[in-house]
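Sequence order for the protein chains is A and B. Numbering follows the working numbering, with no gaps: position 17 of the first sequence is 50. Numbering follows the working numbering, with no gaps: position 94 of the second sequence is 80.
Check each hint, because a few of them may be wrong.
As the list claims (entries may be wrong) - DSSO-like, lysine-lysine: derived pairs with alpha carbons at most 27 Å apart:
hint	chain 1	residue 1	chain 2	residue 2
1	B	K327	A	K36
2	A	K43	B	K147
3	B	K182	A	K62
4	A	K66	A	K43
5	B	K327	B	K183
6	B	K143	B	K313
7	A	K66	B	K202
If you are wondering where the hints come from, they were derived from the structure by calculation, not from laboratory data.
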Amino acid sequence: MKKRRELDAKLREFGHVLGLEETDVRLAKRTTKNVVAMALLTVAFAVFGQIMMPGGPSGLYYTAISAKDFQILFGGLI
Amino acid sequence: MFKKRYTPISVVWETTLNCNMKCLHCGSSAGQSRRNELTTQEGLSLCEDLKKLGTRLITLMGGEPFLRKDWHILAQHIRNLEMNFTIMSNGLIIDEKIVSQLIKLNPYAVAISLDGGTTETHNSIRRVNTSFERCIRGLGLLRQANLPATVVTTVHKQNFKELPIIRDFLLNKGIAWQIQMANPVGRFPESLMLSKKEFYSVALFIASMRKKHSIKELPLMGAHNFGYHSKILPNITILPWIGCQAGITAIGIQSNGGIKGCLSLPDVFIEGNIREKSIADIWNDPDSFSYNRNFKKEDLNGECKDCKHGRRCHGGCLTVSASLTGKNHCDPYCLSLIEEKMIAV
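Just chain A, same shape as in the assembly (with noise of 0.2 Å):
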């Protein structure tokens, strides 16, 4: 308990260098859903995104990232 509210703290101070909320650094964490998701986009793009997107994953570290990335990979959610 005292360990995680240190943490907290560490966080917040982090934060407010940019003018974070205490609430927007709690949303930051990780939970166990946002690694589900990552997994579940990590099969999708083995799926589709190696042959939809045309950079492949360097396209998605190496150059610009495009609107058209985000719709491809998040498209059924937006």
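Knowing the structure of chain A, use the given hints to seat chain B on it.
Chain B alone, transformed into the frame defined by chain A:
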């Protein structure tokens, strides 16, 4: 014996080093053209060779790519060869004529650099007094034309606190936003690089904004050098980091034909020149890009040496690693390392 085959899926091509800005953080110290830059004909042949190697996406960058008079001829050729192209510009000379050419060419993305939320900050970094207003105007033209616009923000000590202002500007505009960290390469002095604490603050900001806003409101991502394997934050790039792809699925081409795995890497990483050897020969040479193709866990250096993620991570961004430590495979700007040291998790 089984030989692994590599494909340069994503190519970043510095079409010219000529630039109409003198940005503080420019990794290639752009300004004047290189001596003996590739001609139009050489550029067209290069596109054909890349197509044969399996390339799918070519990013045209500079310098300022729109300063090359034949940029649209090269882009058209890429499209004719059924590849995609992205263009990365500083936005200074994007006008109605360029936008109408882009509409016909159907780019995968048109990226403009926006390095400040205020006129003063952006202009002082870009060292052109009118750059902020012209960049914003260029973005407006791209949006009006319904082109896939992206804003790239390169953060360092002079601008990272303006990220919330840039966020407010980009919200609900359908513009993709990529945040990347400036490295001490080219013109950028190490003294202006983010501290690790500042770096973590930016990562926290990205993580928070990605949860606070939907993808439709703010399609945001941290770039390849934005931290790996956090135990506290979710992944802030789009996909989990799978190690530096220079020479694996990515390649960089200098305007004089020099070839590197990634254009950000220092010139000691040049593998050859397409005027002396074909790009296929350079790419398929078993000795090329050895730092990544023959990577072993034992190649990890510094604090990455005993990291459990090392085999997959390859020690983060090779450019950050080489420019800061003089060694490969030990990028100290790692979320996991920062958390261990500064947050003690």
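Next item on the list: Would you pick out the hints that fail for this structure and give their numbers low to high?
Entry: none
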